[in-house]
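Same order as they appear, the protein sequences are chains W and F. Each residue of the first sequence is one higher than the last, beginning at 1 in our numbering. Each residue of the second sequence is one higher than the last, beginning at 1001 in our numbering.
Derived from the structure by calculation, the hints contain no laboratory data.
Which bits of chain F does chain W cover? Going by a derived footprint, with three or more residues having C-beta under 8 Å, they are:
hint	segment
1	1008-1018
2	1121-1135
Sample of chain W residues facing chain F (criterion: CB under 8 Å; computed from the structure):
hint	residue
3	Gly39
4	Asp212
5	His245
Restraint-style ranges between C-beta atoms, simulated for each label pair:
hint	chain 1	residue 1	chain 2	residue 2	range
6	W	Lys264	F	Val1144	20 to 26 Å
7	F	Ser1088	W	Ala26	55 to 61 Å
8	F	Gly1135	W	Thr89	55 to 61 Å
Remember, predicted model here, so these are calculated numbers, not experimental data. No residue lacks a Cβ here, since even glycine has one placed at the ideal position from N, Cα and C.
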Amino acid sequence: MFKMRRLFLALAAAATTQLALAQQGAAPIVIGASIPMTGGVSTFGQHSRWGSELAIDEANAAGGVLGRKIEMDYQDNRCNPAEAVKSVTQMLSSKKYVAIFDGLCSSAALAIMPLVERAEVPFVVANASATSIAEKSGVGGNKWTFKVNPTDASMLDALVAWLDKEGKAGNIAFLGEDTDFGRAGSNGLTEALKKRGKSLVMTDFYQKGTADFSSVLAKIKARKPAALALYAIDADFQNLMRQWHGMGGGIPLTGRVLVDQVPKEIMASGVLDGTTSVQPYDATIDSAANKAFVEAYKKKSGGTTPIMVGFESYEATRILIDAIKRAGNTNPAAIRDALAKTKYQSILGTTLEFDQNNLLHNNAVILGVKDGKVVVFGFSKT
Amino acid sequence: MDAAFLAQLLLNGLVIGVIYALVAMGLSLIFGVLEIVNFAHGEFYMLGAVAAYFLSTHVQLGYWATVAIVVVGGLCVGYLLYEGLLVSLRGEGFERSILLTLGLSMVLQNLAIYLFTTTPRMVQGPLTYANYTFGEVRIPVLRVYALGLGLAAFAALFFILHRTQVGKAMRGVAQNRDAALMVGIDPRAISRLAVAVGIGLSGLAGAALAPVYAVHPLMGFSFVFKAFAIIIIGGLGNVSGAAIAAIALGILESLASGFLPQVMVDGLAFGSMILVLLLKPQGLFGRGVRV
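Sequences are here, hints too, so could you generate the full structure?
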């Protein structure tokens, strides 16, 4: 009997060793990512890549997932829904991807959603902010899509709650790009103000890629709103900032003002003083977890400070890796079920769980400009 | 209506119009002489702006030195472009010219993205944040410089085309290439000069606007399509017509921005183009003789 037990233990040990060795040489777990690597927002695509690669590097350094290395295969979608559909269709047809990551742009993510639903593969949205992504996901909708970053609606609700508390939520004008991103911003702000018995005094959209805003800014200034909510990114935002400075400012800015991307000369001039902005993240947040993240990110990116896209991609990738671990296998349905049960400790200090729309509700960071400097005013729940 | 608001809109419109004219005049000149629609014109404007960014930011050159070097560079690039690529497009080369310049545009744009990335760059200088103020009306100093450069370029081009032998030769080649050859004009030399001046003008536009707008590889794309609408409105190949149409469109767009939703403004250029094509297909200033 004793001999039998020893023999059994020896066989079990040998089998475990063989299994571990086999797993060392096993094929990696591959996640497919569709992000803009060329085109107008490829800067954001690069940050998305740095963020997700950092999370993957950390996971692989800690022994991988299920004993296998994890990899992300990046395909370029140029922030174009048609390109996103093409890249994700190719990835889904190859059957080697356990999940699809991001899309980055709202229009691209919305175009990917029906594809992953048909293929029954989990889709983790890290950066796209359109509210409709969450509205179409979860109970009664697309069960395969999980949105990690806050929606525009939830971000703007957090901002308006803050502004209302400060008595600054009245008489706001809106200017945003004429895309799903800008339209979602306008709708989110309208809804958040409506909840508090207020409304936008004027709404205007511009075509993405517009270089000259001098006349539309003159129109907004002539209407004398209490604040101007901006929903602009990239070169449009830089042009807006320079031309706003050229016009002497004079109206506090709010909305999604990318205060970390304002040229220092404009910031120091004081023309943006009084700005109150909402962002999912800011690199200056004073916490040990954020400092460690910023340091690792800079190491990964060759010295570039993380922006919200990099942060969101990092956290979204960690959440996905954690779900694969908890699923115990790479079956897409098992990963989806594990994602639904996520409990993740964010760098921003909150423990995150998906709601019935497969949406996480992290804190939004309320940033402001005071004496020519960006300051973190506080956090507001999304 | 607030007079200061109206004055601000008119001033903004005049500056935007002259900016459009800088790009459109070169495009019109090249079409007038060579009958080539240069789809890569916006990319030469972008390359002018990128060159101005490097000269002012990395070589620390001043505004006027940067503008001069970029214009001379543009003239040289235009010369090489003609001798290297466009010289082969003779006779029935219209379709080939579209494919060639469209391909060139893609190559230049993607090369710029590869080398420069799409991150928008801002030229910083001592005048970057300086403004002229007239009561409640404000205008950045560098926009006034761009306005002055645009008007000077138009005056110089008008003088060359109408008061010099070279200008008359350009108009002669535009009118009838074979007849010009028979009276001793070298069409190749004149075409080369027209392309050099056209690309030089887009370089000037790039250098003048680099300190005004964000510099990035996609900046030429939106400008060039508006420039096409302008040269059609002004009369294909008519440089003066293009300049007048550009300034009129700039002012019209600015006034529309002040009173209508901004999304409708871009439609104005193309709406006007369609209207002109329906009512006066040769353009507002179209004549038998181009340039």
